[in-house]
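J.: Respectively, the protein sequence lines represent chains X and W. Counting from 1, one number per residue, gives the positions in the first sequence under the numbering used here. Counting from 1001, one number per residue, gives the positions in the second sequence under the numbering used here.
No wet-lab data here; the hints were simulated from the structure. Model, not experiment: these values are computed from the prediction. The beta-carbon is built from N, C-alpha and C at its ideal position, and this holds for glycine as well. Heads up, a few of these hints could be off.
[Unchecked claim] Taking CB as the label site, the calculated pair distances span:
id	chain 1	residue 1	chain 2	residue 2	range
1	X	Asp-316	W	Asn-1106	56 to 66 Å
2	W	Asp-1024	X	Asp-115	37 to 47 Å
3	X	Ser-63	W	Asp-1234	56 to 66 Å
4	X	Ala-31	W	Ser-1375	30 to 40 Å
5	W	Ala-1031	X	Ser-15	38 to 48 Å
6	X	Arg-120	W	Arg-1351	27 to 37 Å
7	W	Ala-1031	X	His-60	17 to 27 Å
8	X	Arg-120	W	Ile-1213	31 to 41 Å
9	X	His-60	W	Ser-1285	53 to 63 Å
10	W	Asn-1106	X	Arg-122	18 to 28 Å
11	W	Gln-1032	X	Asn-48	47 to 57 Å
12	W	Asn-1106	X	Pro-225	36 to 46 Å
13	W	His-1060	X	Arg-351	53 to 63 Å
14	X	Asp-167	W	Ile-1051	33 to 43 Å
[What the hints assert, rightly or not] Chain X is nowhere near these chain W residues, computed Cβ spacing over 10 Å in every case:
id	residue
15	Tyr-1004
16	Phe-1029
17	Arg-1064
18	Ala-1127
19	Asp-1174
20	Val-1175
21	Ser-1230
22	Arg-1312
23	Ser-1358
24	Ala-1399
Protein chains: 2
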Amino acid sequence: MALYVQKYGGTSVGSVERIEAVADKVKSFRAQGHDIVVVVSAMSGETNRLIALAKDIQEHPDSREMDVLISTGEQVTIALLAMALKKRGIDARSYTGGQVRILTDNAHSKARIQDIETQRIRTDLDAGRVVIVAGFQGVDADGNITTLGRGGSDTTGVALAAALKADECQIYTDVDGVYTTDPRVVASACRLEKITFEEMLEMASLGSKVLQIRSVEFAGKYKVPLRVLSSFKDGPGTLITTEDEDTVEKPIISGIAFNRDEAKLTVKGVPDLPGVASRILGPISRQNIEVDMIVQNVAADKTTDFTFTVHRNDYDKAYQILQQIVAELGAREYVGNKEIAKVSIVGVGMRSHAGVASKMFDTLAAENINILMISTSEIKVSVVIAEKYMELAVRALHAAFNLDKADTVCE
Amino acid sequence: MALYVQKYGGTSVGSVERIEAVADKVKSFRAQGHDIVVVVSAMSGETNRLIALAKDIQEHPDSREMDVLISTGEQVTIALLAMALKKRGIDARSYTGGQVRILTDNAHSKARIQDIETQRIRTDLDAGRVVIVAGFQGVDADGNITTLGRGGSDTTGVALAAALKADECQIYTDVDGVYTTDPRVVASACRLEKITFEEMLEMASLGSKVLQIRSVEFAGKYKVPLRVLSSFKDGPGTLITTEDEDTVEKPIISGIAFNRDEAKLTVKGVPDLPGVASRILGPISRQNIEVDMIVQNVAADKTTDFTFTVHRNDYDKAYQILQQIVAELGAREYVGNKEIAKVSIVGVGMRSHAGVASKMFDTLAAENINILMISTSEIKVSVVIAEKYMELAVRALHAAFNLDKADTVCE
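Isolated chain X (complex conformation) (with noise of 0.2 Å):
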């Protein structure tokens, strides 16, 4: 006898049949004595139609009307899943984000949440209700309707089970879990049975695009045991929790992430002076750029090199700025590259086992992969190469860390 929050996405929720799906899976829990409270996401296509009306009218229309309009692409699905519901003899309830309510700042279209109201569920859950909510929508203090953004379903599933002190909060997606890395680039790939959240953050970060990092990051930071599992078969997925006392047992190596949305800048030549990182980032940073790896080195005559990445579609942009500022520095030449990808290997494990990193690079070396930059954290090191390397890299480190036979849970 649980409480669980179920969170089904777009893909999940597709189609009336596919609804008729979820409803067979919700009343299977409630067969099984469940509590359950169902998070459900617009129906796939729906958002864009929506805001494909909405660009009919203007580039960019008003921000406020806009959280009008494709908050109700959720609010059709709540109310097919609870007709859905009735009719297999399940007593359900669809919310609003409003009506709950879940209370957000007024961020219109990435609105935060500050508060849900609880009672209205724990009434309808006395009663022996299922009660569904539509994702990713709120209202602010003055009843304003709100957005969180794409993918924020996953954020208000992890927000009800946190405010309802949830025992799991199930992420149903396309995906039957998370992976030690894509098994489309290593057939081998396993299942993972367990995660941390802050591996997850990492993989997610990275490019596993399983989650939506919010939720891992409110789920982290509330507590909120996160599972994530297919929609389409059974299998018990991935559970996502705190580091606990098993972690001994852990592979030292969670996972392997990557991806080949970055590329690359380097300021060649430029004299180290104090302020000169912000000199380039500055520039960068106003533009809305984001930076993501930055690597500075000393070299011999004085002057130092600067390099840092940026997601792919900023590259001609930042290439642009950087040579307008060269000059300014009186550095002696910039180069850029697109062709790279980043390759991380992720693990609580690594914070107790030195060597992890030279693991990472010997492997690499074995394989004549060159590595242009290094970057790495407490359960984290990330390298980038060249992109043509990429696959090649991914299955050399998750042989090399014994991910391909790790787990048990490998079929």
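With chain X held as given, fit chain W onto it using these hints.
T.: What follows is chain W alone, placed relative to chain X:
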């Protein structure tokens, strides 16, 4: 400088282009210095699309959830119209029924408005904003979303106009006013400049489908001047208002209404005893069949013939019920006729003019049209005739009561 509540129906906001046209119209009213509250329906077709989704799940979906579902239709329109106004530099804010709030009872799908909070709207109007309200919807005392039933957007408009003490409630539709009769039947039909609430009620209930009856009742009750106009072409439309001093100038008859939606049933040779009417109509109404006209005459042999009309769709069911009760009553026989039409002359002027009914009967007699039933009220005389004579009767009456050229409004 007036305050207008303007209601635009589904056809008037049926596409982004149409919504932009409404925004232009609202802008021109603002330019004249008027305060504007706009009530909109769902884009035409949208409500049916949503209903179809629900019916895919269940033939008779839960009514609470149905209201959650279909109320999204108007919510989409209010947001798009607000964007279109903002694009034109007009400050605007949209509100759902729940946000206003429009408080209703909890009769889902046919809720009645109990109260409207106007403070938020007043604040926006004072700040120079156009306020856009979703028609057709409200919330009950527990915050559940309710809808007023089809056509309820007219009611929202009138109720808002009453609550705000607006100078006029303007209903924009696809006709440019109320006519003396249907121009498709009588080419010389005239648009009326003015009509009383009572006349409009008789016209509407008799099949002139310009306005929802409930909204006219509401407007009459709260004395809200109501104007019907075209959203597609300019013009003064028809003002529906209370009877005033210029009624003396009014023609005796305002219009000719007609419909062919009814069927007639007669029980012949019923023993003329007390309680006969209820023994016949009781079983009919218990099957939720509405009875419109009722006529009873005593025949020479101390028996009576009892005739009534029902909606044509209910005819077969009513006929079967009669079969069962005719024997119990000891009646001689029963007959039915579906090929009938009801034609009515409507006008407050007839209150003070004798001979209106007989002029109607004379006119029909002159055309050799046999009258099957007669029913009268203070401002209306209705007759049932054979359906095949309907157009002939309407044209003859239109001419006889000088409607063909009665009015300078005619073009």
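J.: Quick one: which hint numbers does this structure break? Sort them smallest to largest.
T.: 3, 4, 6, 11, 17
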